[in-house]
Amino acid sequence: MSPIAIKRINRALAYLCLIVASAFFITSFNWLLSTSLKPLTQIFTFPPEWIPSPILWSNYSRAVEYIPFWTYLKNTAIITIASTLGVIISCPLVAYSFAKLEYRGRGLLFFVTLAVMMIPGQVTMIPLFLLFTKLGWVGTALPLIVPQFFGVPIYIFLLRQFFMGLPDALREAARLDGASEFRIYLQIMFPLAKSAVLAVALFQFMGSWTDFMGPLLYLTNEPSYTVSLGLQQFQSQKGSEWGLLMAVSTLMTLPIIVLFFFLQKTFISGITFSGIKG
Amino acid sequence: MRKSKKIAFPILVYFLAMLLLLTACSTKAGSGGPDGEGNTTVTMWHGLTSIDLDNMNKVVKAFEEKNPTIKMKLVYTESSEGSDQKLLTAVAGGNPPDVALFDRFKVGTWAAQGSLTDLSSMAAESGIRKEMYYPFAWEESSYQGKLYAIPMDTDSRLLFYNKDHFKEVGLDPNKPPQTIAELEAAADKLTIKEGKRFKRIGFIPWYSQGWLYTWGWAFGGEFQDAATGKITANDPKVVEALQWMTDFGQKYNVEDIAGFTSAAGTEEMDPFISGQVSMKISGNFTVKGIEKFKPDLNYGVAPIPTPTGADFTTWSGGGSAIIPKGAKNVAAAWKFLEFLGKEEGQTLLNADSQISVIDSVNDKYGYKDDPIMKEFINILPNSHNRPVIPEGQLLWNELASATEKATRGNGTPKENLDRVTETVNKALEKYDK
Amino acid sequence: MAKLADSVQVSAIPSARKRALHRTNVIGWLFASPWAIGLLCFYAIPMLMSIYFSFTTYSILQPGEFVGMNNYRDLFQDPLFWKSISNTIYFTVFFVPLSIFFGVALAMMLNMKVKGMAVFRTIFFLPTLVPQVALAVLWMWLLHPNFGLVNGMLAHIGIDGPSWLGGESWSKPSLILMSLWGIGQAVVIYLAGLGDIPDEYYEAAQIDGANWFQKTRKVTLPLLTPVIFYNLVMGMIGAFQQFTLPYTLTKGQGTPANSMTFYVMYLYENGFRYFKMGYASAMAWILFIIVMALTGIIFITSKRWVHYQGK
Numbered sequence: 000m001s002p003i004a005i006k007r008i009n010r011a012l013a014y015l016c017l018i019v020a021s022a023f024f025i026t027s028f029n030w031l032l033s034t035s036l037k038p039l040t041q042i043f044t045f046p047p048e049w050i051p052s053p054i055l056w057s058n059y060s061r062a063v064e065y066i067p068f069w070t071y072l073k074n075t076a077i078i079t080i081a082s083t084l085g086v087i088i089s090c091p092l093v094a095y096s097f098a099k100l101e102y103r104g105r106g107l108l109f110f111v112t113l114a115v116m117m118i119p120g121q122v123t124m125i126p127l128f129l130l131f132t133k134l135g136w137v138g139t140a141l142p143l144i145v146p147q148f149f150g151v152p153i154y155i156f157l158l159r160q161f162f163m164g165l166p167d168a169l170r171e172a173a174r175l176d177g178a179s180e181f182r183i184y185l186q187i188m189f190p191l192a193k194s195a196v197l198a199v200a201l202f203q204f205m206g207s208w209t210d211f212m213g214p215l216l217y218l219t220n221e222p223s224y225t226v227s228l229g230l231q232q233f234q235s236q237k238g239s240e241w242g243l244l245m246a247v248s249t250l251m252t253l254p255i256i257v258l259f260f261f262l263q264k265t266f267i268s269g270i271t272f273s274g275i276k277g
Numbered sequence: 000m001r002k003s004k005k006i007a008f009p010i011l012v013y014f015l016a017m018l019l020l021l022t023a024c025s026t027k028a029g030s031g032g033p034d035g036e037g038n039t040t041v042t043m044w045h046g047l048t049s050i051d052l053d054n055m056n057k058v059v060k061a062f063e064e065k066n067p068t069i070k071m072k073l074v075y076t077e078s079s080e081g082s083d084q085k086l087l088t089a090v091a092g093g094n095p096p097d098v099a100l101f102d103r104f105k106v107g108t109w110a111a112q113g114s115l116t117d118l119s120s121m122a123a124e125s126g127i128r129k130e131m132y133y134p135f136a137w138e139e140s141s142y143q144g145k146l147y148a149i150p151m152d153t154d155s156r157l158l159f160y161n162k163d164h165f166k167e168v169g170l171d172p173n174k175p176p177q178t179i180a181e182l183e184a185a186a187d188k189l190t191i192k193e194g195k196r197f198k199r200i201g202f203i204p205w206y207s208q209g210w211l212y213t214w215g216w217a218f219g220g221e222f223q224d225a226a227t228g229k230i231t232a233n234d235p236k237v238v239e240a241l242q243w244m245t246d247f248g249q250k251y252n253v254e255d256i257a258g259f260t261s262a263a264g265t266e267e268m269d270p271f272i273s274g275q276v277s278m279k280i281s282g283n284f285t286v287k288g289i290e291k292f293k294p295d296l297n298y299g300v301a302p303i304p305t306p307t308g309a310d311f312t313t314w315s316g317g318g319s320a321i322i323p324k325g326a327k328n329v330a331a332a333w334k335f336l337e338f339l340g341k342e343e344g345q346t347l348l349n350a351d352s353q354i355s356v357i358d359s360v361n362d363k364y365g366y367k368d369d370p371i372m373k374e375f376i377n378i379l380p381n382s383h384n385r386p387v388i389p390e391g392q393l394l395w396n397e398l399a400s401a402t403e404k405a406t407r408g409n410g411t412p413k414e415n416l417d418r419v420t421e422t423v424n425k426a427l428e429k430y431d432k
Numbered sequence: 000m001a002k003l004a005d006s007v008q009v010s011a012i013p014s015a016r017k018r019a020l021h022r023t024n025v026i027g028w029l030f031a032s033p034w035a036i037g038l039l040c041f042y043a044i045p046m047l048m049s050i051y052f053s054f055t056t057y058s059i060l061q062p063g064e065f066v067g068m069n070n071y072r073d074l075f076q077d078p079l080f081w082k083s084i085s086n087t088i089y090f091t092v093f094f095v096p097l098s099i100f101f102g103v104a105l106a107m108m109l110n111m112k113v114k115g116m117a118v119f120r121t122i123f124f125l126p127t128l129v130p131q132v133a134l135a136v137l138w139m140w141l142l143h144p145n146f147g148l149v150n151g152m153l154a155h156i157g158i159d160g161p162s163w164l165g166g167e168s169w170s171k172p173s174l175i176l177m178s179l180w181g182i183g184q185a186v187v188i189y190l191a192g193l194g195d196i197p198d199e200y201y202e203a204a205q206i207d208g209a210n211w212f213q214k215t216r217k218v219t220l221p222l223l224t225p226v227i228f229y230n231l232v233m234g235m236i237g238a239f240q241q242f243t244l245p246y247t248l249t250k251g252q253g254t255p256a257n258s259m260t261f262y263v264m265y266l267y268e269n270g271f272r273y274f275k276m277g278y279a280s281a282m283a284w285i286l287f288i289i290v291m292a293l294t295g296i297i298f299i300t301s302k303r304w305v306h307y308q309g310k
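Chains as they are written, first to last, in numbering that gives the first Met the number 0: chain A, 0 to 277; chain B, 0 to 432; chain C, 0 to 310.
Hints may be right or wrong, so weigh each one.
[Claimed, not checked] Okay, derived cross-link-like pairs now, DSS-like style, lysine-lysine, Cα gap no bigger than 25 Å in a straight line:
1. K114/C with K6/A
2. K214/C with K6/A
3. K341/B with K57/B
4. K404/B with K214/C
5. K373/B with K166/B
6. K198/B with K162/B
7. K293/B with K367/B
8. K133/A with K327/B
Keep in mind that the hints were calculated from the coordinates and are not lab data.
Okay, chain A solo, but in the shape it has when bound (with noise of 0.2 Å):
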């Protein structure tokens, strides 16, 4: 057989592969869309009815109404955005630090980054509950901010990835010109860095969009809450309201979505290990 067809066969196979899992991983999705459209007693009927009829759009208004989602979902905003900017502004400065930077304790500091990533979250959740409480700022937000501009290690260490794949020509073209480290960072590194910095901001954003954690423990104000805390008050002691919960959900996600639909192409196409446009 010509390698054409061969071609053509492996990829007409592999197109085959991607929608039968696609189907499988839509479902997730499906239920939740269809969830939403449902008065109560039907949403766990057998078999399931993927298409509800009659469909029911008051879900959404109502669910709406229920709790005060506009304002939440401003909250949710100006967290998201403001943690997201803080990420985007300092790990890539101290990961091009890792990767191309040379200092004395460097490895130390990159192997206690890695090793503070190992701790699991509940344990450190009370300490620095109690450390962000001298400093009074329980009541705010600012837990939820602050400690973005100050570096993340999951997205340190990704970051580092990335840079330690940029050849060093460049840097060392650039010192020949005589231009100042910070210099090379902001003109030549960062920008060569924007699909990967991309991906980071949009972890960062699904991150903080969807945490309930940290809003739980920090926000005690009701007018400041988020959408995630919102969500919790459609499940109450007789039973959820599955309708309302949904329909919150859906549209708590339909944003990113958004999101990642247009952006995915930039930065998968963009992000490099090497340096090397392919």
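Take the given structure of chain A and dock chains B and C to it, following the hints.
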């Protein structure tokens, strides 16, 4: 030198920006206290939603009318079962709310840690007395003889049975089983097996509210020695109860019926509602669920069967209101608790929703005239509460674990319960000072 | 990596060179300073506090008393501790390799330059966005022995499906299945790594007459190793810290019969429900040591199998 300056400068700007951010964003949450006009704001954390929240708002309104210098500030916090991280961290951090709504079950544990305010003297002065409530409600709200919580609502457990199924197999729908033997016989008749699959199961002892607590007491056992306060999970009658559950499981083969119990994680997937299970032990809170998801279900309730067919009993839990240690407005907070604990507050609080802890209020609601609800109320005077110990959660987990192990043939009931008794009593030793 | 040789030679170098070295050090540290501060304040200090707690009977509500190594000693005698370790290791050992395998495979499929890839990629990313609560309920429903879709479909091909979440032997595999759903995030990173491999290598291999399988083995996989390395480390750390999903599914009880009691779940239960935060802190530090050791091994062996293109 120039090079260093070039870096230092941007970094400096960066830190300045941070400082600006900090100062700009700092908004302190108001912690209520007496303001200029002599008004006090009492902050209350709760996990109420829909109708319970509506009721509470009515209570607050009535309370504020009677107490014009006190304003209540209600703050919604997470309310998943047993999870109190927010309250825990707030108390540890030293700025808890003035009032918090709290599962009564936890009073013993928290009181032992010194995190609750002793309400005994305030109660005595305000005329809140033990006799006003069902005995178990007061018991569960006290620790070592002192009152630490005001009970708000309660529940009880009974046998639910599907009347249509009964008719179908020739059982009298108006004569539910009263003895264990009758229960077993009925379960046998009601079960439909198709090959290896059960199409319908008559009864699963440990499903829903069929905890070992339920059966232990039904069989006449005790979980705690009243005199010494030690846990007696291996009381012979409790062992007998667990043995019965294990035998039941073996008869129907645990692995096959495990499917029914595991997947029913939420109310809506309750196999009793879908008709896959004919009888179950559950609480009054299920009634609302049935109304919501299958209002036409033809069912009845009856006291939980016992070996003798007499001495029916059950156990109850419920919610309460507490004042955490470190609260700032204790006197004002107590006024609210007092209101909650007396008849007027109780009536507003539990309307159309819960069972009150005061008998006369339940009377007023007309529960005693409703064929289903009256059974739940009538059994209350004979209800138990779970032992009030500093390790309540540990005991609960251990009993659940022991039940699972025994029913799966992992050790005999006596071995498992001996272990529970030993573990919990050992954990309790450190509290004997 | 820091060149220790430099610091050793410092004293023998003329002062100009010393100043230059000094400057590089300062610059390096200035770059890393935000993190140095962050690390200290938000990580190191809480971690040190928790080490201290692990030697006490701290209960969050009360400071407790100093008991030295008691917590650690009690842990080693606690059967549930060992059970939780074995559950967690079981999960990690199966989940991590599977997630790498499927992650890479999926990424390779998603790397095709056909129309509509954006849609596919978004679809695979979706499960990571759905709130845990919804996911837990969805899976409980799907895996329902009698009503669930999974057993329904198996029945069509004549297989009698087990009671997934209800049986001791199937509960963890069910969890592994559920967790594999969340590989969307890792796939994104694999995709980035794939896009990174220059077409020239593939063309060269093509000219040499390599087929798809050989191309994958000799070009794709080796050049993907930095990414695999990252996901291996992160995957392992994540697997060891598995908490939210099993906790939501079993309401913290680890049913059936403690087969779903994972390490961090048990930690949480001890710290927040039994008020034994000191005990829980000890658990956390034991976990830390285990994970550190494993990561160390991965790092050391990485020199053998990871190829960075940039160096």
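Hint check:
no. : hint               : in the structure
1   : K114/C with K6/A   : 17 Å, holds
2   : K214/C with K6/A   : 13 Å, holds
3   : K341/B with K57/B  : 15 Å, holds
4   : K404/B with K214/C : 53 Å, violated
5   : K373/B with K166/B : 23 Å, holds
6   : K198/B with K162/B : 18 Å, holds
7   : K293/B with K367/B : 23 Å, holds
8   : K133/A with K327/B : 18 Å, holds
The earlier numbered hint that this structure contradicts is number 4, and it is the only one.
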